[in-house]
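Student: Read off the chains here:
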Amino acid sequence: MRTIGKTALWAFLLAAALLTLFPILVTLLGSFKTNAELTAGATILPTSWQLSNYAEAWRQANFSAYTMNSLFVAAASTIGILLVSSMAAYVADRMTFAGKRLYIGMQAFTMFVAIGAVVLRPQFELMIKLRLQDTLWGVVLILVSAHASAFFILLSFMSGIPRELDEAALIDGCSRGRTFVKIVLPLLAPGLGVCALFAFRGAWNEYLLPFVFTLSKPELQTLTVGLASLKYGVSAASQTHLMMAGACLSIVPILVAYVFANKSFMQMSAGAIKG
Amino acid sequence: MPSFLLTVVLGIYPIGWAMRYMFYDYKGYGAERYIGLDNFARVLRDGEFWQSVVNTFAYAGGKLALSIPLALLLAVLLNRGLRGRHVLRAVFFMPTIISSAVMAVVFFAIFNAYNGVLNQFLLKYKLIGGAVDWLGVDHAMLTVVLVSVWGAVGNYMLLFLAGLQNIPADVYESASLDGANKLQQFRYVTLPMLGPVSQMIVMLAIINALKGYESIMVLTDGGPVGKTNVMFLYVYKLFFPTAGTGAASQVQEIGYGSAVAFVTAVIVGAVTVLYFYGSKQMNRYA
Amino acid sequence: MRMKKQLLLAASGLTLAGSLVACSGQSSEEEQSGAKSGGKTKIVYWTGDRHDSEFIKEQVDAYNRTNADDIEVELVIKGDDFDQALDMSFQTSEAPDVIRVKENTIQTFYKKGFLAPIDAYLTDELKAKFPLMENLNSFDGKRYSLPNYGTTMRLIYNKELFAKAGIAAPPTTLAELVEDAKKITAAGKANGEYGFAQNFKSPGSALGRSARVIAETSGYGGFGYDFKTARYDFAPFKPIIEAFKQMKDDGSMLPGVESLDIDPLRAQFAEGKIGMYLSFSAEAGVYQSQFPAKIEWAAAPAPSIDGSVNGASGFLGGQWLAISSESEHKDAAWKFMAYMYGDQILQQYQEKGFGIAMVPSVSAVAAKPEVYGIDGFLPTARDGVWPVYPAVPVQGAKSDDAFFKYILSGGDLDAIVADLNARYNKALDAAIASGDVKAEPDPDFDPARLAGQYADE
Chain A
1 MRTIGKTALW AFLLAAALLT LFPILVTLLG SFKTNAELTA GATILPTSWQ
51 LSNYAEAWRQ ANFSAYTMNS LFVAAASTIG ILLVSSMAAY VADRMTFAGK
101 RLYIGMQAFT MFVAIGAVVL RPQFELMIKL RLQDTLWGVV LILVSAHASA
151 FFILLSFMSG IPRELDEAAL IDGCSRGRTF VKIVLPLLAP GLGVCALFAF
201 RGAWNEYLLP FVFTLSKPEL QTLTVGLASL KYGVSAASQT HLMMAGACLS
251 IVPILVAYVF ANKSFMQMSA GAIKG
Chain B
1 MPSFLLTVVL GIYPIGWAMR YMFYDYKGYG AERYIGLDNF ARVLRDGEFW
51 QSVVNTFAYA GGKLALSIPL ALLLAVLLNR GLRGRHVLRA VFFMPTIISS
101 AVMAVVFFAI FNAYNGVLNQ FLLKYKLIGG AVDWLGVDHA MLTVVLVSVW
151 GAVGNYMLLF LAGLQNIPAD VYESASLDGA NKLQQFRYVT LPMLGPVSQM
201 IVMLAIINAL KGYESIMVLT DGGPVGKTNV MFLYVYKLFF PTAGTGAASQ
251 VQEIGYGSAV AFVTAVIVGA VTVLYFYGSK QMNRYA
Chain C
1 MRMKKQLLLA ASGLTLAGSL VACSGQSSEE EQSGAKSGGK TKIVYWTGDR
51 HDSEFIKEQV DAYNRTNADD IEVELVIKGD DFDQALDMSF QTSEAPDVIR
101 VKENTIQTFY KKGFLAPIDA YLTDELKAKF PLMENLNSFD GKRYSLPNYG
151 TTMRLIYNKE LFAKAGIAAP PTTLAELVED AKKITAAGKA NGEYGFAQNF
201 KSPGSALGRS ARVIAETSGY GGFGYDFKTA RYDFAPFKPI IEAFKQMKDD
251 GSMLPGVESL DIDPLRAQFA EGKIGMYLSF SAEAGVYQSQ FPAKIEWAAA
301 PAPSIDGSVN GASGFLGGQW LAISSESEHK DAAWKFMAYM YGDQILQQYQ
351 EKGFGIAMVP SVSAVAAKPE VYGIDGFLPT ARDGVWPVYP AVPVQGAKSD
401 DAFFKYILSG GDLDAIVADL NARYNKALDA AIASGDVKAE PDPDFDPARL
451 AGQYADE
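So the sequence lines, in the order shown, correspond to chains A, B and C.
Numbering-wise, the numbering used here puts 148 at position 148 of the first sequence, and it's gapless, one number per residue.
Numbering-wise, the numbering used here puts 129 at position 129 of the second sequence, and it's gapless, one number per residue.
Numbering-wise, the numbering used here puts 69 at position 69 of the third sequence, and it's gapless, one number per residue.
By construction, these hints were calculated from the structure, which means they are not laboratory data.
Among the hints, a few may not be true.
[Said to hold, decoys possible] Covered, in the sense of this in silico footprint (three residues per stretch, anywhere, with C-beta under 8 angstroms from a C-beta of chain A), are these stretches of chain B:
{"#": "1", "stretch": "8-15"}
{"#": "2", "stretch": "46-54"}
{"#": "3", "stretch": "80-94"}
{"#": "4", "stretch": "124-132"}
{"#": "5", "stretch": "216-227"}
[Unchecked claim] Only pairs whose alpha carbons sit at most 30 angstroms apart, straight line, appear in this in silico DSS-like list of lysine-lysine:
{"#": "6", "chain 1": "B", "residue 1": "K124", "chain 2": "C", "residue 2": "K182"}
{"#": "7", "chain 1": "A", "residue 1": "K217", "chain 2": "C", "residue 2": "K398"}
{"#": "8", "chain 1": "C", "residue 1": "K294", "chain 2": "A", "residue 2": "K231"}
{"#": "9", "chain 1": "A", "residue 1": "K263", "chain 2": "B", "residue 2": "K182"}
{"#": "10", "chain 1": "A", "residue 1": "K217", "chain 2": "C", "residue 2": "K189"}
{"#": "11", "chain 1": "A", "residue 1": "K129", "chain 2": "C", "residue 2": "K335"}
{"#": "12", "chain 1": "C", "residue 1": "K182", "chain 2": "A", "residue 2": "K217"}
{"#": "13", "chain 1": "C", "residue 1": "K398", "chain 2": "B", "residue 2": "K237"}
{"#": "14", "chain 1": "A", "residue 1": "K129", "chain 2": "C", "residue 2": "K398"}
{"#": "15", "chain 1": "C", "residue 1": "K57", "chain 2": "A", "residue 2": "K231"}
{"#": "16", "chain 1": "A", "residue 1": "K231", "chain 2": "B", "residue 2": "K237"}
{"#": "17", "chain 1": "C", "residue 1": "K142", "chain 2": "A", "residue 2": "K231"}
{"#": "18", "chain 1": "C", "residue 1": "K112", "chain 2": "C", "residue 2": "K129"}
{"#": "19", "chain 1": "B", "residue 1": "K124", "chain 2": "C", "residue 2": "K112"}
{"#": "20", "chain 1": "B", "residue 1": "K126", "chain 2": "C", "residue 2": "K335"}
{"#": "21", "chain 1": "C", "residue 1": "K42", "chain 2": "A", "residue 2": "K231"}
{"#": "22", "chain 1": "A", "residue 1": "K231", "chain 2": "C", "residue 2": "K398"}
{"#": "23", "chain 1": "C", "residue 1": "K335", "chain 2": "B", "residue 2": "K237"}
{"#": "24", "chain 1": "C", "residue 1": "K42", "chain 2": "A", "residue 2": "K129"}
{"#": "25", "chain 1": "C", "residue 1": "K335", "chain 2": "A", "residue 2": "K217"}
{"#": "26", "chain 1": "B", "residue 1": "K237", "chain 2": "C", "residue 2": "K111"}
The model shown is predicted, which means the values in this text are computed figures rather than measured ones.
A virtual CB, placed ideally from N, CA and C, is assigned to each residue, including glycine.
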């Protein structure tokens, strides 16, 4: 009975994993094909392995330079989103203040609208006023402002943390700030880990904002902007093979970020099992 | 309060700025003519838009019905104990990080009717009689839903996993001491304790499903004949019509697009609020 | 407790404000250093073209090295989002100085006020050399761009599949088109070869390179606009759309054609799986470099509805570069533009196969392009430039989408055409009333007279 259950469990997990991985495998194999072979389909394995795709993608998308810009935007906006949304969630869950409902409503409203491109112009004009229009800080600031989903995720995690814990700390004479940093944040770790991962990924993949903010400053372009330009080569058709090679290269940093974020779940579950 | 400031200044204000156009007839050039509520009257008459709303609900419904249970199941299975769980988690997370433009090419290679991998596989093992047009009129919606589920499960699995970490292990221990089996543990321990987190996850999933359009845009561009046209894609095309080489010149509909965008926001908001109150009621009776 | 909260908030607010100050200071420093670096005049040139990018890069580099006016040109190549990016750049005052304009964007750019007239720079010699084309490079009596090269539209066909199906010559009528597609499919279906395909993932792009040129060759406006009456009338499209539907119903089209993009179509054609399709002269370059064709292929004039040629097969072009209205260095921009319009570069454009010369003095001397299959694309007595029709914001389904829906799932074509006519003309009336477009009847308009200006035979 137990073994049957275990076999079924593994069969299910492996089947799901295979289905999940298959398109990624197609991407990886496709990144080694010629453009004609890739676009025509029909083959699974490349008939000849085009390692040069990677060299070309690296060169054309200016990987070495743009990766740093991307890392900056992703890291800065991740930190910003975590700071802003964790504080906001703490305040919104633990305290009452005038206009709280209105504030939460507004957070939700920003999620309902937002086709990024539509609100870009006023956002850009604001950045001109702040004199941030030619910097990646402008991109970071706008990304941080879009923290509604992190806010709601953390809000729900916050409500799962027993109030008694931080109230006890407050009674013991801890300040609000200390309580937040010493008691609440550690308990929030799994939620923070996921939010950090999502924020990092979102910023890493963001295309429109860095595209617009670097119109006149090509040296500040991020990797996504460089990758998008891979599509257009020396002739009329798309350079799909280079796009795929570029995509395979550009997911590496997110996987690294994932490993770090995964640690935050792992530690907790290890502790939980032992405890 | 930084969050408040950022939300108002960079979130609400730009939306308001863009939304004022909904009372104007504005094509991106020439005069902005104030036309009151005419744009909204046009929304009511706009059959294409309401068809896209219907499509959106079909798409979102399918996506949610498949991805949420699957994500929860995977999260529970991969939460503890199992050897290789870290590798499997990473595997299920992978799809969420690949750009949709690249995925469009890959899924075209898999699903296309002429020489798609899926058809070749199914034909080889005689599972279908003839080539199926997965991106054709009859199946395109199913296909875009499957692709979106593929891209979404990893997200919600991670969120559920994070939520599961908040459940102390001793609760399970005492439950198993009381003789509860795995299924009972799930029903009486996991689900209730996951309550607020899963409520939020589902809410985010609903919003994302209703808003999703990018992967559809690159895979089918809303076609064939509008079968996969969802409401955000419809709005997008009003704002940014593209004229390919040789195609007819296009006219931007900024005024009308803003009005439609507002209506879509109201729809998403209404569904979210409905869900929120509905799930609160459920919590009370659970 | 409340006070502490407020302190916390204030503190975090300060941190944020502090970081803002820090970064804004940084950016202004950057700007200053940028302005100091050299007395060069820097102009930015945006293009959405990719087929000629390598060549353009070389020319721009050469100009930057050699020009005596200390002008430095920065070339920016955009992709599909060119129009959107340009919009954004004007909104944010970061507009380029020199802009590549196309036959279906120049009117919009002109209306949005993006373009500056260039009459002041044109000598009589230049005015005579570059043909003036109303609405294609000139608006309301002023010139905004000059022609360089153009694009022709053709039926592109696989010679080997035609031979295999026993077809002697490419089709000249719709009936032959349907018949040939059927024959090719019958002969090759077992090998996965089909008679016809078009990139119907985007019906606008598919019909804009197929139904359009068939209509134009037959003497009707390619987008349903009748220049004689200044009204929209889609009735002439009926036989064309019926023929497409027939091919679809016959199973003569590549399976999955409704989700086919242009690149997968080209890849299958290069593999020898598609009998014929209609497209632009840029295809020749694609089969030379990107998707090396494994088959013998050629381009032929597009068929007409019944074989009689009463109009001109559209020769698209008439404009190339324009100067931005917001450019602070218009003189420098013109100097660069004059360089790009020099005889040598224009001549190479044709000889390298990027396009077909539209400037008479250039076509007279430029050699034939060195690209396989280009012969069939060169202008004949059939090709000609159509006047520009007024684009209108129609409510409801666009004509291409409505037609494609009929091709796929049938319906009442007469009713579809009547509905399209009603909606397009309503939008046209509204646009005329608001002054967005002008449309006046031209009873003497003769589409047959459009042809023949680019070749004698």
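Student: Each hint needs a verdict: does it hold in this structure or not?
Tutor: Comparing the hints with the structure gives:
1. 8-15: holds (count 8)
2. 46-54: Three-residue rule not met by the stretch 46-54 of chain B, so violated; n is 0.
3. 80-94: holds (count 10)
4. 124-132: With 0 residues close enough to chain A, the hint is violated.
5. 216-227: violated (count 0)
6. K124/B x K182/C: Holds, because 27 angstroms separates the two Cα atoms, which is no more than 30 angstroms.
7. K217/A x K398/C: Given that 30 angstroms is the threshold and the Cα spacing comes to 38 angstroms, the pair is violated.
8. K294/C x K231/A: Cα-Cα ~24 angstroms, so holds.
9. K263/A x K182/B: With a Cα-Cα distance of about 26 angstroms, the restraint between K263/A and K182/B holds, given a limit of 30 angstroms.
10. K217/A x K189/C: Since the Cα atoms of K217/A and K189/C sit roughly 53 angstroms apart, the hinted pair is violated (cutoff 30 angstroms).
11. K129/A x K335/C: Between K129/A and K335/C the Cα gap is close to 34 angstroms, so the pair fails against 30 angstroms, i.e. violated.
12. K182/C x K217/A: 54 angstroms, violated
13. K398/C x K237/B: 12 angstroms, holds
14. K129/A x K398/C: 41 angstroms, violated
15. K57/C x K231/A: 17 angstroms, holds
16. K231/A x K237/B: 21 angstroms, holds
17. K142/C x K231/A: 36 angstroms, violated
18. K112/C x K129/C: 28 angstroms, holds
19. K124/B x K112/C: Cα-Cα ~56 angstroms, so violated.
20. K126/B x K335/C: Not OK: K126/B and K335/C at ~67 angstroms, beyond 30 angstroms, violated.
21. K42/C x K231/A: It holds: about 27 angstroms lies between the C-alpha atoms, which stays within 30 angstroms.
22. K231/A x K398/C: It holds: about 28 angstroms lies between the C-alpha atoms, which stays within 30 angstroms.
23. K335/C x K237/B: This hinted pair is violated, its Cα atoms lying about 38 angstroms apart.
24. K42/C x K129/A: Answer holds: K42/C to K129/A is near 25 angstroms, not above 30 angstroms.
25. K335/C x K217/A: 24 angstroms, holds
26. K237/B x K111/C: 20 angstroms, holds
Of the hints listed earlier, those the structure fails to meet are numbers 2, 4, 5, 7, 10, 11, 12, 14, 17, 19, 20, 23, in rising order.
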